[in-house]
Structures are given as C-alpha cells and as structure tokens.
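With these hints in hand, go ahead and build the complete structure from the sequences.
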Amino acid sequence: MSDYLVIVESPAKAKTIERYLGKKYTVKASMGHVIDLPKSKMGVDVENDYEPKYITIRGKGPVLNDLKKSAKKAKKVYLAADPDREGEAIAWHLSHSLGIEEGTKCRVVFNEITKDAIKESFKEPREVDMDLVNAQQARRVLDRLVGYNISPLLWKKIKKGLSAGRVQSVAVKLIIDRENEINNFEPEEYWSITSQFTHKRKKFEAKFHSVDGEKKDLKNEEDVQTIVNRLNGDVFDVDKVNKRERKRNPSPPFTTSSLQQEAYRKLNFRAKKTMMVAQQLYEGINLGGKEGTTGLITYMRTDSTRVSNTAKKEAADLIEAKFDQQHLGKQKQAKNDERSQDAHEAIRPTAIHKEPTAIKPKLSNDQYKLYKLIWERFIASQMAPAVLDTVTAHLLNEGVEFRATGSQVKFKGFMEIYVESEDDKKKDEQKMLPPLEEGDQVKAEDITPNQHFTQPPPRYTEARLVRTLEEKGIGRPSTYAPTLDTIQRRGYVALDNRRFVPTELGTIVIDLLEQYFPEIINVQFTVDMENNLDSVEDGDKNWRKVIDQFYQDFEKRLEKAEEEIEKIEVRDEPAGENCEKCGHEMVYKMGRYGKFMACSNFPDCRNTKPILKEIGVDCPRCEKGSIVERKTKKNRTFYGCDQYPECEFISWDKPIQRPCPKCASLMVEKKQKKSTQVKCTECDYSETEQS
Numbered sequence: 001m002s003d004y005l006v007i008v009e010s011p012a013k014a015k016t017i018e019r020y021l022g023k024k025y026t027v028k029a030s031m032g033h034v035i036d037l038p039k040s041k042m043g044v045d046v047e048n049d050y051e052p053k054y055i056t057i058r059g060k061g062p063v064l065n066d067l068k069k070s071a072k073k074a075k076k077v078y079l080a081a082d083p084d085r086e087g088e089a090i091a092w093h094l095s096h097s098l099g100i101e102e103g104t105k106c107r108v109v110f111n112e113i114t115k116d117a118i119k120e121s122f123k124e125p126r127e128v129d130m131d132l133v134n135a136q137q138a139r140r141v142l143d144r145l146v147g148y149n150i151s152p153l154l155w156k157k158i159k160k161g162l163s164a165g166r167v168q169s170v171a172v173k174l175i176i177d178r179e180n181e182i183n184n185f186e187p188e189e190y191w192s193i194t195s196q197f198t199h200k201r202k203k204f205e206a207k208f209h210s211v212d213g214e215k216k217d218l219k220n221e222e223d224v225q226t227i228v229n230r231l232n233g234d235v236f237d238v239d240k241v242n243k244r245e246r247k248r249n250p251s252p253p254f255t256t257s258s259l260q261q262e263a264y265r266k267l268n269f270r271a272k273k274t275m276m277v278a279q280q281l282y283e284g285i286n287l288g289g290k291e292g293t294t295g296l297i298t299y300m301r302t303d304s305t306r307v308s309n310t311a312k313k314e315a316a317d318l319i320e321a322k323f324d325q326q327h328l329g330k331q332k333q334a335k336n337d338e339r340s341q342d343a344h345e346a347i348r349p350t351a352i353h354k355e356p357t358a359i360k361p362k363l364s365n366d367q368y369k370l371y372k373l374i375w376e377r378f379i380a381s382q383m384a385p386a387v388l389d390t391v392t393a394h395l396l397n398e399g400v401e402f403r404a405t406g407s408q409v410k411f412k413g414f415m416e417i418y419v420e421s422e423d424d425k426k427k428d429e430q431k432m433l434p435p436l437e438e439g440d441q442v443k444a445e446d447i448t449p450n451q452h453f454t455q456p457p458p459r460y461t462e463a464r465l466v467r468t469l470e471e472k473g474i475g476r477p478s479t480y481a482p483t484l485d486t487i488q489r490r491g492y493v494a495l496d497n498r499r500f501v502p503t504e505l506g507t508i509v510i511d512l513l514e515q516y517f518p519e520i521i522n523v524q525f526t527v528d529m530e531n532n533l534d535s536v537e538d539g540d541k542n543w544r545k546v547i548d549q550f551y552q553d554f555e556k557r558l559e560k561a562e563e564e565i566e567k568i569e570v571r572d573e574p575a576g577e578n579c580e581k582c583g584h585e586m587v588y589k590m591g592r593y594g595k596f597m598a599c600s601n602f603p604d605c606r607n608t609k610p611i612l613k614e615i616g617v618d619c620p621r622c623e624k625g626s627i628v629e630r631k632t633k634k635n636r637t638f639y640g641c642d643q644y645p646e647c648e649f650i651s652w653d654k655p656i657q658r659p660c661p662k663c664a665s666l667m668v669e670k671k672q673k674k675s676t677q678v679k680c681t682e683c684d685y686s687e688t689e690q691s
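The opening position of the sequence shown corresponds to residue 1 in the UniProt record's numbering, with each subsequent residue numbered one higher.
Nothing false has been slipped in among the hints.
For lysine-lysine, the following DSBU-like pairs were computed, each having C-alpha atoms within a straight-line distance of at most 30 Å:
| no. | residue 1 | residue 2 |
| --- | --- | --- |
| 1 | K159 | K581 |
| 2 | K76 | K24 |
| 3 | K119 | K290 |
| 4 | K123 | K75 |
| 5 | K105 | K60 |
| 6 | K609 | K624 |
| 7 | K156 | K589 |
| 8 | K443 | K243 |
| 9 | K105 | K69 |
| 10 | K28 | K362 |
| 11 | K631 | K671 |
These are calculated hints, taken from the structure and not from any lab test.
What follows is the structure, encoded as structure tokens:
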C-alpha cells in the first residue's frame, strides 16, 4: 500500500492526478457524494435547530468501505474534491466517515489539474473550511424545506411528479412573464426612409435622420409624405463629414455563465452539454506520449474573470510570437461583478502553448470545439483592442437631413484570434463610404419609404435565460445548467424553435405558488437568499439563523395553503381525432420535447403520435402526400411526407411550394445568420433573401 491516500470525485480525475504524484500516493474516487440527505424523506429535523439527518447514499456503501480500508493503511489521507462549496461538503463528509480528526490539514484544492498546480497544492494542505461547508448545508436544507414541503402539496392538488424549487420556480416565472409580455404586446407603426446615393459613380446608402436640425420620428405614411414633399429634387449637399477613430476592447475570459451563453450561440451546445464537455476538459484528456492524461482547462464553475500572472505571461509570449508587440494588450485585471465570489480564476487553458489544432487528433469533436472556443477567447482577452475608422456624412436637401455611416477595421487587434458572437452581426461595419468632402453634392437614386411595426420582446433562449439569471443574481454558476434541465424534465416549459415556452402545467404551478408562496418566485427574495448564503460562506452569518428566518413565515403559509387550495384538474385537450388502435379519443399531452398526441385510454392503450405541422408543400416524390414538419429524438427539426412509411421523402431544409424557375424541381430554404438562401435541390439555381 502507498504511504498516502488521495480521494477525488471522479475516476478520470483520479487517473490524471495519480500520474503526477508518483508511487507514494494512491488516488481513489468517491464517485461524487457518498453521504447526503435521504431521498425518501426530508431528512431535516426542524424541531432540532434544522439538524440535517445524513445517510450513506444507496449503492455507495461498497465505495465508502473501500475508502475506509485504504485510509486505515495510509499514513495520511488527503481530500481533493472540487474547489467549491459542494466539493468542501464532500470532503467534510469523507473526513467524518474516515475518522479524520477535526483540525487536521487534509484538504487539498487546485484550480487546474496540471503537474505544477497539483504538486504545489500538496505543499500547503489546509483544514476543511466549515464556512464553505455550512453555506452548502444551508442551500441543501433550504431546498429540502421548500421542495419536500411544497412538492407533496402539488402532488395532492394538481398531479404526481411535480416539484417546486427556489431557483427553478423563479426561472419558470421569468419565462411565463415573458410569454405574457408577448401576448399582451400591441405593435406600434413607425416608418423609415432610405435611399441609394451616387457620388462619382460610387454608390452608398443613407437614412433619413432629421428636419431643420431636430430628430424626427416618422409615425405614419403621412409623416413620410411630408418629408418627401419637402425635398427639392434629388441632389443633396454634403453638409458635414465626421471622421473618428474608435477602439473596441476584447471581452474578458469566460465565466461559467458567459461560456454557456457563447457555446450556445456559436456551437449550438445546450448548457448541460457545455458543462459535461467542460468537465471532461478539466478532469483530463489523454494526449499520449510523455504528457499522458492532463487537464486542459481550469475549473469550469466560476463567476470570476481573474487571471493568474503566470497565465498572462504565457499568453503575452504567445501573442508576441504569433503577431508582434503591437497586438499585446495592457496587462490590467478585469473588474468582477460585485456579486462575484472570485474563488477561482476565469475559465482558461491550463497551458497556453497547447493550441487547439495541435491537440485536435486527441479530442472528440465536441471537446475540440469547446476547447478552441475557450482558448481563443482567453488569448483574445489578453490582446490589444481593435481600432476602427468610422465616417458619418450629413446630407442636406431643404433642411431634410439624411445620414450615411461607414467604418472599416484599421487594426484588427484581438479580432485576429476571436470575434464575439455579438460582433458577428456587425458586418455593416465593413461598408465604407466613397471619399466625401464638405460642399460635395450627391444624387439620390431611389428614395424608399419603409413601414415597420415594433416587435414584442423575444422568448428566452437558453443563452438569454442564463444571462438574465446571472444579471438578476439568481442562482450561482453551478446551478444554471441543472435549473434549465429540471424545468424541462418536469414539463413546466418546452422548447419551440430553440426558445422556451411555458406549458399549461407550468403556468398552473406558478399561479399557485404566486398566490400562496410569493417569496419562492420573488426575484429579490431569491437574490437576498443567495447573498445570505454568500455571507455564511464568508463567516458573517450563522446558517441555522438564515434558515430559521425563512422557515418561520414559510411554515405558516404552508398550513394556509393546505387548508385553502382545492384540487386542480389538469384536463387534456382533445386532439379532434380518434385512436386508430382502440377507437378512443386522442388528446394532446406535453412531453419533454413539447406537445404530442396520445390515446385517452391510457394505460390500456399506449398509442402515441407526433403532431404533424403542415407547411403547404406537396410531396415531390409520391405526389399524393403533403410535407409536414417533424422532430428527431434529439428535437432537431426535419421535413418529411405525411404518407410515411409508404413514402420515405425527408429533407433537413424546409421545402417551399414554388418550383425552380430553371428546371421546375423542388426548392428549399437554407437559413443563414443574416439571410435566407433558396436553393434548387437538382440544379445550381439559388437566390438570397435578406432577413
């Protein structure tokens, strides 16, 4: 047996660390928590100062026994769970189970799984931090008191299988509020005027801006006509040309929230997938050769943008080698949000010289994509700002002013490496105006009035909801992905075109909570509670008092709800057709991936069918059926014939009814970021529509 036993959470992490520590160390995995509150009951003694009743998790007995045997043979035990509240709680439970005396310096933490970081952390082990443990205990007990009291109430009054949690309920409420905003939105009409101008045979676009020096809103066609009638001919004077240089700074390196948002926008990764792949990169990838298994990124649950001086120096060396001194940014520390715990660094590569393309053969496709995103974002964050030349031309005709803008990247700076997803939309910044001077005259080719209507706020995507949760201070980095997963699994929300829509069930549950437990879905209450948990972690508040302050009022509301809430029947909506297997009525049900049809004679008849959405296109193969929108098991949209399986026509792109003008074959829409391309499926004909 080795002299020292090190306990981590996962086998992958154990394998990586054991290689760095050498033969004197045995590294074993606890496979996550081994001790926790029981699943079958609340496990909190409310009468005894909220004392948690911990048990060995079912199935973890053999794991714990093996760790106990190994601990008895070792000279010293080190507990190296993840460097956060949950990891600290795992270490605390293990220290008690293995008989490690209180005050023993057995806790080892590291922000990255690299040889230097691991060896350095073992030089200075510390005691288990009880403030961190108590903050985690407070969260677990609080969530138990809410979930294990309200959930049975929902089972009795609505239906079994429901749950209510602090963060998940607030997230659902945000989605419902947004849907109500959209439904209640009344569009307002407004107009704009654009024109193509020509100067020395070069064309450019300008938009109406003001009249007699005052900004003018065009609310209707009458306003537009007043402006057009005022114009004297089609010649405009160039009244003024403003030229300036502006800088665009790079974004800071990733936090958990910003990584989830950017991976969603750029890689189409759901939050859950992003965290799963990031965990793999953190715990270690086998690169082969002398390097073997090594961690590629720092810890992925963080709300800090702080970066170590060593990492900054490595990045600076690489930037100078790849580019020059001019591309190197000023080495200043990014400011964190005031709510940031700043316990860890930002998410960054552990070794800057491991460029994505160099290690691509050792990574899965998803690992490569996410590592490349993290690597490029970090390098860009250490680079110089981009410099843009911008020009604004003021064009006048009888006091009516049109303005034309153009800009060009003068110095790419960080944009040599990485362009934020927001900047992907700013393609117009590459449009330059022809050389214009004050006193020049330009000719309007085509003055076009455009009618518009204000749009309702968009539904939440995963990225937008994560950003909103973070901005409002709801939850913490470790809670975002589980929250989004839970509200979908419970059937409270569904995804429609990658955007959240509330279900009838979700609306009923939130309405009930709003009436009887308003604090549970109150954003400010949730934010205040997160701040209280942070204060517990800082040692400024007693965790039991924080819980008691909440529970005293909550218990009274619970009693009132038990007495007053009547049974709520969630009726299935008739689908308007009968089951072809048993003849009973088909009804609409809500599943994880949205609505589907099921037989009302369940469980005797288990017939289910997808809801087929017709798109108004005849099937080009069998000429009898119609094309309908369908979903794969992974919720990806495709198009197929409604006569399937007799006709097996399918298309990932949306077919359109209009035939190809060149060969009369089927044409399909291909959605792009700023346009929709219509292409023929047989010949080379295509056309592009701006979106």
